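Engineer: Please put together the full structure from these sequences, using the hints given.
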Amino acid sequence: MAGFNKVVNSYQEAMAGLEDGMTVLAGGFGLCGIPENLIKEIKKMGTKDLTVVSNNCGTTEHGLGLLLLDRQIKKMVASYVGENANFEAQMMAGELDVVLTPQGTLAEKMRAGGAGIPAFYTATGYGTPVAEGKETREFDGRQYIMEEAITGDFAIVKAWKADTFGNLVYRKTARNFNPLAATAGKITVVEVEEIVQPGELSPDEIHTPGIYVNRVILGQFEKTIEQRTTRQA
Amino acid sequence: MALTREQLAQRVAQELQDGYYVNLGIGIPTLVANYVPQGMEVMLQSENGLLGMGQFPTEQEIDADLINAGKQTVTMAVGASLFDSAESFAMIRGGHVDLTVLGAFEVDCQGNIASYMIPGKLIKGMGGAMDLVAGADNIIVTMTHASKAGASKLLGECTLPLTGKGCIKKVLTDLAFIEIKDGKFHLLERAPGVSVEEIIKLTAGELVVPANVPEMAL
Chain P
7 MAGFNKVVNS YQEAMAGLED GMTVLAGGFG LCGIPENLIK EIKKMGTKDL
57 TVVSNNCGTT EHGLGLLLLD RQIKKMVASY VGENANFEAQ MMAGELDVVL
107 TPQGTLAEKM RAGGAGIPAF YTATGYGTPV AEGKETREFD GRQYIMEEAI
157 TGDFAIVKAW KADTFGNLVY RKTARNFNPL AATAGKITVV EVEEIVQPGE
207 LSPDEIHTPG IYVNRVILGQ FEKTIEQRTT RQA
Chain E
59 MALTREQLAQ RVAQELQDGY YVNLGIGIPT LVANYVPQGM EVMLQSENGL
109 LGMGQFPTEQ EIDADLINAG KQTVTMAVGA SLFDSAESFA MIRGGHVDLT
159 VLGAFEVDCQ GNIASYMIPG KLIKGMGGAM DLVAGADNII VTMTHASKAG
209 ASKLLGECTL PLTGKGCIKK VLTDLAFIEI KDGKFHLLER APGVSVEEII
259 KLTAGELVVP ANVPEMAL
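Residue numbers (the numbering used here), protein chains in the order written: chain P, 7 to 239; chain E, 59 to 276.
Everything labelled a hint here was simulated from the structure, so no lab data went into it.
All of these numbers come straight from a predicted model, not from anything done at the bench.
Worth double-checking, as some hints may not be accurate.
Unchecked claim - Residues of chain E clear of chain P, computed beta-carbon distances all greater than 12 Å:
1. Ala60
2. Ala71
3. Met98
4. Gly137
5. Asp156
6. Thr202
7. Gly208
8. Ser210
9. Gly241
10. Gly251
11. Val254
12. Glu264
13. Val266
14. Val271
15. Ala275
As the list claims (entries may be wrong) - Facing chain P, according to a computed beta carbon distance under 10 Å, are these residues of chain E, among others:
16. Met101
17. Leu108
18. Ala127
19. Gln130
20. Ala144
21. Ser146
22. Met175
23. Gly183
24. Met184
25. Gly185
26. Asn196
27. Gly214
28. Glu215
29. Pro219
30. Leu220
31. Cys225
Even for Gly, the Cβ is constructed at its ideal location relative to N, Cα and C.
Structural biologist: In structure tokens form, the structure reads like this:
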């Protein structure tokens, strides 16, 4: 009996069940805190017609950009895609369906999806192309648009540490969308830099409780830096 | 003379107040951090999940897990906090950020802003800009007053897809500091050496010009 042990030992096992046409939520901001090996596994699997929900779509050569190279993504829901040249080209050519979504709305859509809230109202995007076709409503004299929650068949997440029960801790700004994606996947797969025994993470410090997590795998990470900016020591 | 990028940042910095939480957009707004007046404490919010952004790291301090919203490596200031993206935008949408500074392609005299897309040409996405302009009360837009070809960016009505509707009240360009109210631009200050006539010529939207327009003190 595995009990609450969520640890799997291969990337194949980690992504088992992913099929063509599914929706995948991915954590990460730029290339920071992305589940890089889970993305590579999807590339290896060659799964097609995916809907991918992520703040960005990687760069041309890294992260989710790898799935664009092989045209595995049919629809992309993202707030900013400026770092990926293929993205703009495929979008302009009509090969890729894109739903540009404000960053805060995207985060809240995932949060709501994981929390069983089907929709919410926000002032963000009112009177802009984002509001087209959406219900609007006035509260206290201000106009808001209704945004629907997002859930995924899979959520792919990068955390710093996990215990075997799937309790997660993230590191610095690599947290970003990861905790939100983690709550909103039917199957949530997490890759981490370190796996510890239950009880070793302080309960007060856990960012994502294991209840949201289905699979945990230990990975090795490149952690590519997009903009290496320094000052003189 | 039109303001340089550094002078634009310097003028924006004069709008800072002690104890402000500030979100600075990518580009010119980022430079504002270099001109925080001596003795004043402000805390910078980076919408990817950091409140209390510090300076750039030394080569030794570089950490791939610590970046700002422009994907640049950064450090944390003393007293910084880290959080997820929903929490970050709760701060922004909940009106907790005291000042937001961001760029734009166009602004109009109804307070509309267009900054994220040029149809058929440039599709990058709005990132956090739509949330920032909808959530903040105190926003300064920094931009050039006109294109290189001399086309005004301060219009009667924006021509590009909007980032936000009726949410901009202050615009600092390389030529002028302008307030938007009652459906009109109001000229508050002019860049040193820039004439009122030049500003009028390059402002397409209705511009109210008071009898005396002071030069910016930089």
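Engineer: Hint compliance check: list the failing hint numbers for this structure, sorted ascending.
Structural biologist: Per hint list: 16, 26, 27, 28 violated.
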